[in-house]
Each structure stands twice: as C-alpha cells, then as structure tokens.
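Novice: Sequence order for the protein chains is L and P.
Following this note's numbering, the numbering of the first sequence begins with 1 at its first residue and continues without gaps.
Following this note's numbering, the numbering of the second sequence begins with 1 at its first residue and continues without gaps.
Hints in this document: simulated from the structure, not taken from any laboratory.
Glycine residues also receive a C-beta, built at the ideal position from the N, C-alpha and C atoms.
You may find that some hints are simply not true.
As the list claims (entries may be wrong) - Pulled from the structure, derived: some chain P residues nowhere near chain L, Cβ distances all over 12 angstroms:
#1 D3
#2 T120
#3 E122
#4 I126
#5 K132
As the list claims (entries may be wrong) - Calculated pairs, DSSO-like style, for lysine-lysine (alpha carbon to alpha carbon, straight line, at most 30 angstroms):
#6 K36(P) x K2(L)
#7 K31(P) x K3(L)
#8 K2(L) x K37(P)
#9 K31(P) x K2(L)
#10 K59(P) x K7(P)
#11 K80(P) x K44(L)
#12 K196(L) x K113(P)
#13 K113(P) x K59(P)
#14 K37(P) x K3(L)
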Amino acid sequence: MKKLALILVLLCWGFLAFAAADFPRLGDPNSPASTHLSPYFIEKAYEDTATPNIVTAVLADYRSYDTMFETTVVFAAGVACFLLLRFYHFSEPPSHLYRHKPSGTVIQVPRGYRLKGEHTELEPIDRDWAPKDPIVEVASRILIPFIQIFALYVVVHGHHSPGGGFQGGVILGASLVLLAISRDLRTAQATLGESKNSILSALGVLIYVGVGAVTLALGSNFLDYAALAGLMGVDQVIARNLGILFVEVGVAVAVMATMFLIYRNVASAGALDEGL
Amino acid sequence: MDDLLSKIAGGYNYIAYITIMMIGLYAVIAKRNLVKKIIGMSIFQTAIILFYISIGAKKGATIPILMHDHGPEAAEHAIKAADYINPLPHVLMLTAIVVAVATLGVALSLAVKVYQRYGTLEEPEIQDQINKS
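Construct the complete structure from the given sequences, taking the supplied hints into account.
Specialist: Right under this line is the structure:
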C-alpha cells in the first residue's frame, strides 16, 4: 500500500515537473498572469478608490463578491465546528478540583458535593492538568492588550500598509486564544461568552452584506460603494475608500469571532468546561 | 532531452512547490492516522499558496502598495505596472489562508468526533470496529 502510494506520488511528480517546464520563469514581467488584468488594477486602483494598497482595493472593491463569500465560508466553518462538537447534556465529573489561591493547595470535592457560599480564595481548576505559572500568566496579561491594539491598527491601516480585515481579525482571534491558553478556557469564557461570540461571528457577515444591501437600496449595483457618496456627502472615490473600510471591519469581526469559536469548540471537544 | 532537462531546471521554483505538494499528497494517501492526514492536507495547501505567490513575482518590482501617492511629488510619478508586482495572487491567497485555517478547524472537529465514537484515530482499527458491528 505504501509502495503503491509512493509510486503514484512519484509519477505525479514527474508529470507535474514535465508540465512546469512550459511555465513562465520566476520574476518574468511578461508572464500571462501579469499581463491581462493586473496592469489595470495597478494603474487604476488609486484613481478609482484612493487606496494606495492595491491588494486591499482589489480584495474589497473589484473582487468584493469573492471576499464576501470567503467570509461566509469562514462563518460556515465556525458554525460547522459548533454543530459537530457542541453538546449540552451535562454529565458531572467524578470530582471537582479547587485551588486555594494563597497557598496553591488543591482541594478535591467528590461528585454530588458543591462548595457553598462565598469562597473568594478558591478557584475552580481543570481535572487533567492545571499548573499555575505566574511567568506565563503575567507575560501574556501584559502582551494581550498590545496584540489587540496592533490588530486594530492592522485593520484600519489596511488602506496604506500591508493589512486589512482578514489579517487583523486573525491577530485579534489569536489574542483571545492566547488568553485561553495562558490562563484557562473559563477565563476566556468570562471575557467573551459563547452567545456573544456567536452573535459577533454572524454580525461580521451581516455588516458586509448590509453594506451591499444599502448600495442596492440606493439604486446601484450590489457592493458598488460609489452609491454611498450621496449618503455620506463625499465624492465617489472617497465613498469607495470608506466602503472598503466598512467591509474590512465586517471581515475582521467575523474572522475574529469565528477563530475563537473554532478554538473553544475543538479545544474542549464541545463541552466548553475545560480547555487544553 | 537535454533541452527539456534545462527547461525543467529553469523552473526550479515550480520543482520546489511540486515536491512540497507531493509530500502532502503522500501523507494524505499513505498515512493511517487521521491527524497525520490532516497535516498532509495542510502541507498540500501551503504548496498551492507558494505557487500562487511566485506567479505574482516580477523582477525589479516592489510590493503592490503605491509610493508617492500624496504630497507634491504625486503628480510627477506616473504609475507603471512594471514597477509593482501582480496584486491578484496576493488577494486570492490572503483569503485562502484564512479559509484554510477555518477548514482545518472543521477537519479537526471531525477527527475529535471520530475519536469520541471509536476511541482511536488509526484507520485500520476504526475499520475493524466498523466490520465487527
């Protein structure tokens, strides 16, 4: 079986290498990919959208349909993870563990018993593995706000520098995942609850589609941001520029929430009680 | 024959991507563990992303972000397509990377589901259990 697979793969390699002999050389400015559509994008993007970053202009304006459905795919993947893994029938574990914060002692409480009243010095911890590492905790507590500010910068500065909704959204999602890894899933759950997370995930797609619906209502084509000019009192080029920003924010919200939705479901196998 | 070989060697970047892609394909076909198959799928996707990005490259060109877009010099600098690399592959791969992560999440949750049902991620063992029942 393995030998057969190896022969098959080597055969494929041979065919593809043979086909690649006719491909344009690396860095060839006259390759077919660089001659038909891309010169138009490069020369006209700034004129049309006032956006120096051509990648952003193409992503959110010329190819906005594509990007809208990519966002929908990301959202659908988040929903699929949720539907596959999440379950609600709660089975109580054999015992609960609590850590006494000042001394670090771990207390085991058998099933059926619960700690009653106020126990501010006791915190619930995971059954399998819950070390308390002050270095990791403090370092990530300092890092996370800066990561999130950087993510916002990447989102709103996507017009002028490498960046945009997808990248900024992933960085924001990563900061939440870092919180969940460095503390535990409970802390992250308290920061961004499950229902809020799911609503944000759908809200991002809604912002994107909503911008399209507004342009449609103003009598223009779907996602033709020039129609927003009258509504905002700017000329058409600046309207396209702002339209790009709106959909980028929508993409960032959707990607951020979906990344965290996927993480929390996969890491806890759908129970959302204990993380990795 | 000699001509063909030199042509293939001239596209050395494509050879590299094809090799990476075939490593991924081999993992998907030959490995028995589901997580290793998923890793193979990710390697395959990486090869495609590298391939697209290399198509966009142009010799002597810079990243597709316009220079001199404002200020007094703006009018003097006409935008020439040869000065900037092709933005289109970048746009396509930008979205593809995020979608790849999202689909990886779906693949992993399917693997978690299989593990919950059968208690293993090895394909032959899963097959045994299906045959018995």
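Novice: With reference to the structure, classify each hint as holding or not holding.
Specialist: Comparing the hints with the structure gives:
no., hint, result
1, D3, "violated, 9 angstroms"
2, T120, "holds, 15 angstroms"
3, E122, "holds, 14 angstroms"
4, I126, "holds, 16 angstroms"
5, K132, "holds, 22 angstroms"
6, K36(P) x K2(L), "holds, 14 angstroms"
7, K31(P) x K3(L), "holds, 12 angstroms"
8, K2(L) x K37(P), "holds, 14 angstroms"
9, K31(P) x K2(L), "holds, 8 angstroms"
10, K59(P) x K7(P), "holds, 19 angstroms"
11, K80(P) x K44(L), "holds, 10 angstroms"
12, K196(L) x K113(P), "holds, 25 angstroms"
13, K113(P) x K59(P), "violated, 48 angstroms"
14, K37(P) x K3(L), "holds, 17 angstroms"
In summary, the structure is inconsistent with hints 1, 13 from the numbered list given earlier, while agreeing with the others.
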